[in-house]
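Number of protein chains: 2
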Amino acid sequence: MPLKSLLMIPGPTPVPEDVLRACARPMINHRGPEYMELQRELIAGLKQAFQTSGDVQIFPAAGTGGLEAAVVNVLSPGDRVVAVPTGAFGRRFAEIAEVYGASVHRVEVEWGHAADPGEIAAALRNEPDARALLLTHNETSTGVLHDIQGIAREARRVNPDILILVDGISGMLAADLQTDGWDLDVVIGGSQKAWMIPPGLTFLSVSERAWAAHRQARMPRFYFDFSRMKKSMETDQTPYTPALPQLFGLQVALRRILAEGLPASIRRHARMAAATRAAVQAMGLDLFAQEGAYSNALTAVTAPADFPARTIRGAMREKRGVVIAGGQGPIKEAIFRLGHLGYVDDNDVLAMLASLELTLSELGHPLPAELGAGVAAAQRVFSQP
Amino acid sequence: MPLKSLLMIPGPTPVPEDVLRACARPMINHRGPEYMELQRELIAGLKQAFQTSGDVQIFPAAGTGGLEAAVVNVLSPGDRVVAVPTGAFGRRFAEIAEVYGASVHRVEVEWGHAADPGEIAAALRNEPDARALLLTHNETSTGVLHDIQGIAREARRVNPDILILVDGISGMLAADLQTDGWDLDVVIGGSQKAWMIPPGLTFLSVSERAWAAHRQARMPRFYFDFSRMKKSMETDQTPYTPALPQLFGLQVALRRILAEGLPASIRRHARMAAATRAAVQAMGLDLFAQEGAYSNALTAVTAPADFPARTIRGAMREKRGVVIAGGQGPIKEAIFRLGHLGYVDDNDVLAMLASLELTLSELGHPLPAELGAGVAAAQRVFSQP
Numbered sequence: 224m225p226l227k228s229l230l231m232i233p234g235p236t237p238v239p240e241d242v243l244r245a246c247a248r249p250m251i252n253h254r255g256p257e258y259m260e261l262q263r264e265l266i267a268g269l270k271q272a273f274q275t276s277g278d279v280q281i282f283p284a285a286g287t288g289g290l291e292a293a294v295v296n297v298l299s300p301g302d303r304v305v306a307v308p309t310g311a312f313g314r315r316f317a318e319i320a321e322v323y324g325a326s327v328h329r330v331e332v333e334w335g336h337a338a339d340p341g342e343i344a345a346a347l348r349n350e351p352d353a354r355a356l357l358l359t360h361n362e363t364s365t366g367v368l369h370d371i372q373g374i375a376r377e378a379r380r381v382n383p384d385i386l387i388l389v390d391g392i393s394g395m396l397a398a399d400l401q402t403d404g405w406d407l408d409v410v411i412g413g414s415q416k417a418w419m420i421p422p423g424l425t426f427l428s429v430s431e432r433a434w435a436a437h438r439q440a441r442m443p444r445f446y447f448d449f450s451r452m453k454k455s456m457e458t459d460q461t462p463y464t465p466a467l468p469q470l471f472g473l474q475v476a477l478r479r480i481l482a483e484g485l486p487a488s489i490r491r492h493a494r495m496a497a498a499t500r501a502a503v504q505a506m507g508l509d510l511f512a513q514e515g516a517y518s519n520a521l522t523a524v525t526a527p528a529d530f531p532a533r534t535i536r537g538a539m540r541e542k543r544g545v546v547i548a549g550g551q552g553p554i555k556e557a558i559f560r561l562g563h564l565g566y567v568d569d570n571d572v573l574a575m576l577a578s579l580e581l582t583l584s585e586l587g588h589p590l591p592a593e594l595g596a597g598v599a600a601a602q603r604v605f606s607q608p
Numbered sequence: 224m225p226l227k228s229l230l231m232i233p234g235p236t237p238v239p240e241d242v243l244r245a246c247a248r249p250m251i252n253h254r255g256p257e258y259m260e261l262q263r264e265l266i267a268g269l270k271q272a273f274q275t276s277g278d279v280q281i282f283p284a285a286g287t288g289g290l291e292a293a294v295v296n297v298l299s300p301g302d303r304v305v306a307v308p309t310g311a312f313g314r315r316f317a318e319i320a321e322v323y324g325a326s327v328h329r330v331e332v333e334w335g336h337a338a339d340p341g342e343i344a345a346a347l348r349n350e351p352d353a354r355a356l357l358l359t360h361n362e363t364s365t366g367v368l369h370d371i372q373g374i375a376r377e378a379r380r381v382n383p384d385i386l387i388l389v390d391g392i393s394g395m396l397a398a399d400l401q402t403d404g405w406d407l408d409v410v411i412g413g414s415q416k417a418w419m420i421p422p423g424l425t426f427l428s429v430s431e432r433a434w435a436a437h438r439q440a441r442m443p444r445f446y447f448d449f450s451r452m453k454k455s456m457e458t459d460q461t462p463y464t465p466a467l468p469q470l471f472g473l474q475v476a477l478r479r480i481l482a483e484g485l486p487a488s489i490r491r492h493a494r495m496a497a498a499t500r501a502a503v504q505a506m507g508l509d510l511f512a513q514e515g516a517y518s519n520a521l522t523a524v525t526a527p528a529d530f531p532a533r534t535i536r537g538a539m540r541e542k543r544g545v546v547i548a549g550g551q552g553p554i555k556e557a558i559f560r561l562g563h564l565g566y567v568d569d570n571d572v573l574a575m576l577a578s579l580e581l582t583l584s585e586l587g588h589p590l591p592a593e594l595g596a597g598v599a600a601a602q603r604v605f606s607q608p
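Residue numbers (our numbering), protein chains in the order written: chain A, 224 to 608; chain B, 224 to 608.
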């Protein structure tokens, strides 16, 4: 039979059957009572997932649209901004601010490393007029998870009123991200990650501080304008036609997410990540991310010198049906990335790892121990209570 | 049993079963070979539907995002623009240009009327520096279809190099719209209309003239940037994660659309519109749109003085399961709008009209003839070969 596909990339992630079926529900009038009830339920659920009592908005767009929305709604051309480009997505966030006229100071961080809260605080001391700090919770291109709580705390010590905008797209639900508890102003989510629904939606929280900034912010915006969205939401509407399939899916997925609970979701992701790291290292491969900054959502692995990432990925896909991701930007062939977020369980992770070990062996890459020793390392993690 | 729903609004429109099922396909890697093949097929099909040999791009966004993309990609702040706000969507197009810093001259047209090519030409003679003309093919808020061919021809006589940007969202495939044949620079489509797929995608054609303007255009843009999209499309990729469900659906829908053929699709819509107008008038109601400018996609009906639109719509929905639309903006309660576009056939139209006639009768609105005379007028249209 043709190969079954095991999708293990950091998004789009596998979508549960009942969510897929919800995405295929017949269309409804987006100005009618059925839609209004749906939207009320979705916003209430999103607030729980974002850990906020403030506003959350949904835009029909990819996560990149959410990054743009965050920037253009709270800033004005010429505003000083501190960005921390720790990888491809952090770079993108900074570039968006620049395209819209912000004056961006970049705290450079080596790819694979986590940003240091002290260095960010130092940058903020040098930029006393900075209006905003752009952060990436989980950098998808390098597999690095940031201590947003620590960074935000240090940043507020230096500049209590700074706007903290956090790209939470690939990390939220896989690792803790407390919008209100950590005093974050705009947190951006994206549907195709641990939310377990297809791509096409971005979610944004908006703090009181962000609303106050919004009222002064002069970057041009229309499609992504918070005020237009808020005005429509007052009557449970949207300013333009919403992406119904993803919203139908989100309803089912949110019920799943809230039933599991955020702590359990985070524990599940942390365990899968730990098992993946243990196995990969037992196969003699190196983790790309700095120790202590490992992502729960994906694991970035340095490709062995004798095999570019493309060779391993191609063999996994063509012979085993296992789809993993390559690197991005300057490290495209230097790493491959194993996704373990969203609708993924221990069995998916074990199958992926066993397939990776087999692929390395078949490609002639010397394993440090007998075949199976890699998977065994993951099994041991999963055997812990 | 609970009422079946007959969705007869000008978008979202009913989606065929096989398209809905395609929307529920499992996720794939948007950087893998399967996706690349999909995108190639979609772009080739869209070019046929847009009647262009030039570029067509797909963005994950509502149609409003498409309007924004058209404006920000070819204009600079301070550019003079002539807009023709013939209704809510024409107004929106003009407002977007203004938000991004264009200096907009509006050719005012009474709602329900079509823009006059001569008046537009006169406005262009008074604005010799105008860089762009913003037009609406089918104004969804008033049920007016414009003679884009005539307007474009007159406009080019006055200003041969002007950029002609056309909101084709609700009219394309229901009425003719020739991107290359009429020398249009950017035409914008939206998925939830006659394309027969759910909301979430906007499509844009880009002419050579538009590309030349794009290279000079300084309005800020990132998410909707044509150049970034074009660069990714060179390797059959996208600059960020695409909205897979709608793209899977588009593949199936495009095969249906191209199998029917554009002329047959337009004839079908024109017939359903003619039947609807005949029935509505036989029920003693007035059409809102000016004679000779009737839309093929929807029919706007003036609500009788004794019954606001809301009363008729509520009764249709709650007692008959027929979902029709109200008015928008200043004419919210003054009109109701009957959608007949996309995956809709004669039977759907007959059922909607019979239900409307019954509802008027039950509400106590005096019909000019016996019950059934309204539907009969539609039947006579459908009985013609």
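Just to be clear, a hint being listed does not mean it is correct.
If several chains are the same, the list does not tell them apart, and a pair holds so long as it fits within one copy or across any two.
[Unchecked claim] Calculated cross-link-like contacts (lysine-lysine; reagent style BS3-like; alpha-carbon spacing at most 27 Å):
| id | residue 1 | residue 2 |
| --- | --- | --- |
| 1 | Lys453 | Lys542 |
| 2 | Lys542 | Lys270 |
| 3 | Lys227 | Lys542 |
| 4 | Lys270 | Lys555 |
| 5 | Lys270 | Lys453 |
| 6 | Lys542 | Lys454 |
Please keep in mind that the hints were generated in silico from the structure rather than gathered at the bench.
Evaluated hints:
Taking CA atoms no more than 27 Å apart as the test, Lys453 paired with Lys542 passes in neither setting, with 50 Å inside one copy and 32 Å between copies. Proximity of Lys542 and Lys270 under a CA criterion of 27 Å is satisfied in neither setting, with 43 Å inside one chain copy and 36 Å between copies. For the identical chains of this complex, Lys227 and Lys542 are intra-copy neighbours only, at 11 Å inside a copy versus 47 Å across copies, given an alpha-carbon limit of 27 Å. Taking the closest pair of Cα atoms, Lys270 and Lys555 never come within 27 Å of each other, the shortest separation being 36 Å inside a single copy and 32 Å across copies.
For the identical chains of this complex, Lys270 and Lys453 are intra-copy neighbours only, at 15 Å inside a copy versus 36 Å across copies, given an alpha-carbon limit of 27 Å. For the identical chains of this complex, Lys542 and Lys454 are neighbours neither inside a copy (52 Å) nor across copies (31 Å), given an alpha-carbon limit of 27 Å.
Checked against the numbered hints above, the structure breaks hints 1, 2, 4, 6 and satisfies the rest.
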